[in-house]
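J.: Given chain A, put chain B in place with the hints provided.
Chains A and B, in that order, are what the protein sequence lines are. My numbering runs 130 ahead of the 1-based position in the first sequence. My numbering runs 130 ahead of the 1-based position in the second sequence.
Hint data in this document are derived by calculation from the structure and do not stem from the laboratory. Please read these numbers as outputs of a predicted model, since none were measured by experiment. Fair warning: there could be bad hints in the mix.
A pair counts as met if it fits within one copy or between any two copies, since identical chains are not told apart.
Within a straight-line C-alpha distance of at most 30 Å, the following computed DSS-like cross-link-like pairs (lysine-lysine) qualify [to be verified]:
1. K241 / K182
2. K139 / K247
3. K241 / K260
4. K256 / K323
5. K182 / K256
6. K216 / K134
7. K182 / K323
Number of protein chains: 2
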Amino acid sequence: MAKKVKNNKRQLILDEAAKLFKAKGFGGTSMRDLGAQVGMEAASMYNHINSKDEILEIICFHVSDTYISQLAQIEQTQASYVDKIKALIHLHIRLMIEDGAAVSVANNDWKYLTADKLEAFKQARKNYEKGFAALIEQGIAAGELQPVNTSVALFTILSAVRWVELWYRPGRGITAEELEENIMTLLLNGLAK
Amino acid sequence: MAKKVKNNKRQLILDEAAKLFKAKGFGGTSMRDLGAQVGMEAASMYNHINSKDEILEIICFHVSDTYISQLAQIEQTQASYVDKIKALIHLHIRLMIEDGAAVSVANNDWKYLTADKLEAFKQARKNYEKGFAALIEQGIAAGELQPVNTSVALFTILSAVRWVELWYRPGRGITAEELEENIMTLLLNGLAK
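In isolation and in its complexed conformation, chain A is listed as follows (with noise of 0.2 Å):
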């Protein structure tokens, strides 16, 4: 019971820390305005946690972790290249509804990893283009999509749902499946009917 107390306030401490990043950037937050946020001293946060860089740390390697689990998942299912693109970009369109300011903080704000980490960070990227960008590659192989350049196809369909993060939010008139099918409508079939 102690126990999950404690891990509790440490998801609050994760929480609200990616909240505060992503409005004031990792920089221009301190560990005593996170401390006021979650209503601790600066003091017992260190019960939970380390450091500002471990925080850090642990919202950029969460996002990426889920998506290279995610990526291995779908890559050993039977399913066209068609459908396993699609579940890649429900994964990003999802992760950014549900766990936006992470996520935008693994966007924007893993430049200030420390430097063994942000190299592991900026490996594990790259690791999930690459195996993104292979899916792509067979599926033009198999006559299954167009026959564009590959990294053109990967950057235009990892920027194109990165508003979302941004935009969304409940009120903006439509659900969050209504979001996602039109974005998959855009980005399988195109804008021209």
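T.: Quick look at chain B alone, frame taken from chain A:
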């Protein structure tokens, strides 16, 4: 002749400022850095430019004015809606390839504009987005485009091309024309065959 030299120097200052702002951010760039980059004393730069704020303003409004005047031209043509939207995507890609640093500054550093300029810039951007969205809406009504949510289509397109400014350079193994053609295929016809 003296005037031409002066204008050239002014343009050089603006071009180098855009590159520095892109690399180090508006806040991270001093007039001294800029002077070193263009090979002029900070004091003599003030013969060409009033302030760092003014430089930012000129760069941001150069970009927004380009978008807005091109949109007005495109709106007046008799082309199909598909072709009008292709013309806008062409404009975004070209501006990123030919004037990438300025586009980057207008995308990322606009928030450092002084209060009245900031409002004017946000209004200009809103007007541009409204005009772009109206073309999508009319294209859907005319049956030329997929019946997707207009905001989703607008932001997906605007976001989808943003990576070009960060990625594209000669030596990527793809010409600017091929890059553009590939992105058009993806956004208008989709990745799936």
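J.: Given a CA cutoff of 30 Å, do K139 and K247 count as a within-copy pair, a between-copy pair, both, or neither?
T.: within (24 Å within a copy, 43 Å between copies)
J.: If the cut is 30 Å between Cα atoms, do K241 and K260 qualify within a copy, between copies, both or neither?
T.: Within one copy, since 20 Å is at most 30 Å while 34 Å is not.
J.: At most 30 Å between alpha carbons: which applies to K182 and K323, within, between, both or neither?
T.: neither (50 Å within a copy, 47 Å between copies)
J.: Is it within, between, both or neither when you check K241 against K182 at 30 Å Cα-Cα?
T.: Answer is both: 14 Å inside a copy and 26 Å across each meet the 30 Å cutoff.
J.: Given a CA cutoff of 30 Å, do K182 and K256 count as a within-copy pair, a between-copy pair, both, or neither?
T.: Answer is within; shortest intra-copy Cα gap is 25 Å, inter-copy 37 Å.
J.: With identical chains treated as interchangeable, where does the CA-CA distance between K256 and K323 reach 30 Å or less: within a copy, between copies, both, or neither?
T.: between (35 Å within a copy, 27 Å between copies)
J.: Which holds for K216 with K134 at a C-alpha limit of 30 Å: within a copy, between copies, both or neither?
T.: Classified as neither; 36 Å inside a copy, 55 Å across copies.
Hints 6 and 7 from the list above are not met by this structure, while the remaining hints are.
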